[in-house]
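**Student:** Sequence:
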Amino acid sequence: MKEVTLASRRLYEGRIVNLRVDTVRLEDGRVTEREIVEHRGAVAVVALDGDGNVLLVRQFRKPAERELLEIPAGTLEAEEEPASCARRELAEETGYRAGHLEPMGGFYSSPGFCTEYIHLYLATDLSPSPARAEYDEAIELVRVPLSEALRMIGRGEICDAKTIVGLLSAWARRQGLFAS
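The working numbering puts the sequence shown at residues 10 to 189.
No lab work stands behind these hints: they were computed from the structure. These numbers were taken from a predicted model, which means no experiment stands behind them. All C-beta atoms in this analysis are idealised placements derived from N, C-alpha and C, irrespective of residue type, glycine included. Do not rely on the hints blindly, as some may be mistaken.
[As the list claims (entries may be wrong)] So the derived label-pair ranges between C-beta atoms look like this: (1) T14 / R152: 44 to 50 Å; (2) S93 / P120: 21 to 27 Å; (3) G59 / L20: 45 to 51 Å; (4) E157 / L15: 31 to 37 Å; (5) R18 / Y117: 19 to 25 Å.
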(Lines of atoms letter the chains of each structure in order from A; the text may use other names.)
(Lines give C-alpha, C1' and ligand atoms only; values in the text may rest on other atoms or scores of the structure.)
Protein backbone atom coordinates (compact mmCIF):
# COMPACT_ATOMS: atom_id res chain seq x y z
CA MET A 10 0.00 0.00 0.00
CA LYS A 11 1.24 3.44 -0.88
CA GLU A 12 -0.13 6.95 -0.78
CA VAL A 13 0.84 9.52 -3.42
CA THR A 14 1.50 13.02 -2.11
CA LEU A 15 -0.32 15.58 -4.26
CA ALA A 16 0.51 18.68 -2.22
CA SER A 17 2.27 19.58 0.99
CA ARG A 18 2.03 22.74 3.06
CA ARG A 19 3.95 23.74 6.16
CA LEU A 20 1.76 25.23 8.88
CA TYR A 21 4.32 25.71 11.64
CA GLU A 22 8.10 25.74 12.06
CA GLY A 23 9.40 25.36 15.58
CA ARG A 24 12.60 24.68 17.49
CA ILE A 25 11.80 20.98 17.99
CA VAL A 26 9.00 20.15 15.55
CA ASN A 27 7.37 21.37 12.36
CA LEU A 28 3.78 20.72 11.34
CA ARG A 29 2.73 20.07 7.76
CA VAL A 30 -0.42 18.89 6.04
CA ASP A 31 -0.06 16.60 3.03
CA THR A 32 -2.86 16.06 0.54
CA VAL A 33 -2.59 12.43 -0.60
CA ARG A 34 -4.26 10.09 -3.05
CA LEU A 35 -5.07 6.66 -1.65
CA GLU A 36 -4.74 3.49 -3.73
CA ASP A 37 -8.48 3.45 -4.41
CA GLY A 38 -8.32 6.99 -5.82
CA ARG A 39 -9.82 8.85 -2.87
CA VAL A 40 -8.07 12.06 -1.79
CA THR A 41 -7.54 12.94 1.87
CA GLU A 42 -5.23 14.95 4.13
CA ARG A 43 -2.54 13.77 6.54
CA GLU A 44 -1.38 15.97 9.42
CA ILE A 45 2.31 15.26 10.02
CA VAL A 46 4.58 16.36 12.84
CA GLU A 47 8.14 16.54 11.48
CA HIS A 48 10.91 15.75 13.95
CA ARG A 49 14.68 15.36 13.35
CA GLY A 50 14.76 12.16 15.35
CA ALA A 51 16.13 11.32 18.75
CA VAL A 52 18.14 8.90 20.84
CA ALA A 53 17.32 7.07 24.05
CA VAL A 54 19.91 5.41 26.29
CA VAL A 55 19.49 2.54 28.74
CA ALA A 56 22.44 3.12 31.08
CA LEU A 57 23.30 0.16 33.32
CA ASP A 58 25.87 0.51 36.09
CA GLY A 59 28.10 -2.29 37.35
CA ASP A 60 25.55 -3.25 40.02
CA GLY A 61 22.73 -3.84 37.53
CA ASN A 62 21.00 -0.54 38.23
CA VAL A 63 19.47 1.48 35.43
CA LEU A 64 19.99 5.24 35.51
CA LEU A 65 16.65 7.00 35.10
CA VAL A 66 15.85 10.69 35.09
CA ARG A 67 12.83 12.20 36.77
CA GLN A 68 11.56 15.36 35.14
CA PHE A 69 8.34 17.30 34.75
CA ARG A 70 6.78 16.87 31.31
CA LYS A 71 4.36 19.65 30.42
CA PRO A 72 2.31 17.64 27.88
CA ALA A 73 1.69 14.94 30.53
CA GLU A 74 1.31 17.57 33.31
CA ARG A 75 3.35 15.40 35.68
CA GLU A 76 6.80 14.14 36.54
CA LEU A 77 7.89 11.05 34.63
CA LEU A 78 10.71 8.56 35.12
CA GLU A 79 12.55 8.11 31.84
CA ILE A 80 15.75 6.81 30.37
CA PRO A 81 18.09 9.60 29.22
CA ALA A 82 17.08 10.82 25.77
CA GLY A 83 17.21 13.78 23.48
CA THR A 84 16.77 15.21 20.02
CA LEU A 85 19.44 14.87 17.37
CA GLU A 86 21.15 18.12 16.44
CA ALA A 87 21.41 18.92 12.72
CA GLU A 88 23.89 16.52 11.07
CA GLU A 89 24.65 14.81 14.43
CA GLU A 90 25.34 11.08 14.42
CA PRO A 91 23.01 9.12 16.74
CA ALA A 92 25.87 7.56 18.77
CA SER A 93 27.39 11.02 19.40
CA CYS A 94 23.99 12.32 20.48
CA ALA A 95 23.55 9.33 22.81
CA ARG A 96 26.89 10.02 24.49
CA ARG A 97 26.08 13.73 24.81
CA GLU A 98 22.60 13.17 26.25
CA LEU A 99 23.87 10.55 28.72
CA ALA A 100 26.50 12.98 30.05
CA GLU A 101 24.13 15.96 30.14
CA GLU A 102 21.29 14.17 31.90
CA THR A 103 23.10 11.76 34.23
CA GLY A 104 26.64 13.01 34.71
CA TYR A 105 28.05 9.71 33.37
CA ARG A 106 29.83 8.63 30.22
CA ALA A 107 29.71 5.16 28.69
CA GLY A 108 32.84 3.09 28.19
CA HIS A 109 30.72 0.87 25.95
CA LEU A 110 27.77 2.05 23.86
CA GLU A 111 25.84 -0.61 21.96
CA PRO A 112 23.06 0.09 19.46
CA MET A 113 19.80 -1.77 20.19
CA GLY A 114 17.86 -0.80 17.07
CA GLY A 115 15.22 1.85 16.99
CA PHE A 116 11.57 2.62 16.49
CA TYR A 117 9.10 5.25 15.33
CA SER A 118 7.54 6.93 18.36
CA SER A 119 4.11 7.44 16.77
CA PRO A 120 4.15 6.72 13.01
CA GLY A 121 0.50 7.58 12.50
CA PHE A 122 1.31 11.30 12.61
CA CYS A 123 4.99 11.85 13.47
CA THR A 124 8.30 11.31 11.62
CA GLU A 125 10.32 10.94 14.85
CA TYR A 126 12.57 7.86 14.81
CA ILE A 127 14.30 7.04 18.11
CA HIS A 128 17.69 5.31 18.05
CA LEU A 129 18.04 3.08 21.11
CA TYR A 130 21.37 2.39 22.86
CA LEU A 131 22.65 0.32 25.78
CA ALA A 132 25.36 2.10 27.78
CA THR A 133 27.63 0.16 30.13
CA ASP A 134 31.05 0.60 31.76
CA LEU A 135 29.90 3.94 33.17
CA SER A 136 32.23 6.54 34.66
CA PRO A 137 31.53 10.04 36.06
CA SER A 138 31.36 12.94 33.62
CA PRO A 139 30.35 16.55 34.26
CA ALA A 140 26.56 16.86 33.98
CA ARG A 141 25.29 19.85 32.05
CA ALA A 142 21.50 19.83 31.86
CA GLU A 143 20.06 22.11 29.21
CA TYR A 144 18.84 25.53 30.31
CA ASP A 145 15.19 24.46 30.26
CA GLU A 146 15.58 21.10 32.01
CA ALA A 147 15.31 20.30 35.73
CA ILE A 148 16.38 16.69 36.10
CA GLU A 149 16.79 14.34 39.07
CA LEU A 150 18.91 11.20 38.64
CA VAL A 151 17.33 8.01 40.00
CA ARG A 152 19.07 4.61 40.19
CA VAL A 153 16.81 1.57 40.14
CA PRO A 154 17.67 -2.13 39.75
CA LEU A 155 16.63 -3.21 36.25
CA SER A 156 14.33 -5.87 37.73
CA GLU A 157 12.55 -3.24 39.84
CA ALA A 158 12.25 -0.89 36.84
CA LEU A 159 10.44 -3.69 34.99
CA ARG A 160 8.04 -4.10 37.92
CA MET A 161 7.51 -0.33 37.89
CA ILE A 162 6.33 -0.66 34.28
CA GLY A 163 3.79 -3.27 35.39
CA ARG A 164 2.55 -0.99 38.17
CA GLY A 165 2.22 1.98 35.82
CA GLU A 166 4.95 3.97 37.60
CA ILE A 167 7.00 4.06 34.40
CA CYS A 168 4.65 5.03 31.58
CA ASP A 169 6.92 6.66 28.99
CA ALA A 170 6.96 4.63 25.75
CA LYS A 171 10.67 5.01 24.90
CA THR A 172 11.59 4.01 28.44
CA ILE A 173 9.37 0.93 28.33
CA VAL A 174 10.80 -0.11 24.95
CA GLY A 175 14.35 0.54 26.15
CA LEU A 176 14.06 -1.31 29.46
CA LEU A 177 12.34 -4.33 27.91
CA SER A 178 14.94 -4.41 25.12
CA ALA A 179 17.80 -4.30 27.63
CA TRP A 180 16.18 -7.05 29.70
CA ALA A 181 15.59 -9.21 26.59
CA ARG A 182 19.21 -8.70 25.52
CA ARG A 183 20.45 -9.79 28.96
CA GLN A 184 18.23 -12.88 28.72
CA GLY A 185 19.75 -13.77 25.36
CA LEU A 186 16.47 -13.16 23.54
CA PHE A 187 17.93 -10.44 21.30
CA ALA A 188 21.22 -10.93 19.51
CA SER A 189 24.04 -8.59 20.50
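**Student:** With reference to the structure, classify each hint as holding or not holding.
**Tutor:** Taking the hints in turn, this is what the structure says about them:
no. : hint                   : verdict
1   : T14 / R152: 44 to 50 Å : holds (47 Å)
2   : S93 / P120: 21 to 27 Å : holds (25 Å)
3   : G59 / L20: 45 to 51 Å  : holds (48 Å)
4   : E157 / L15: 31 to 37 Å : violated (51 Å)
5   : R18 / Y117: 19 to 25 Å : holds (23 Å)
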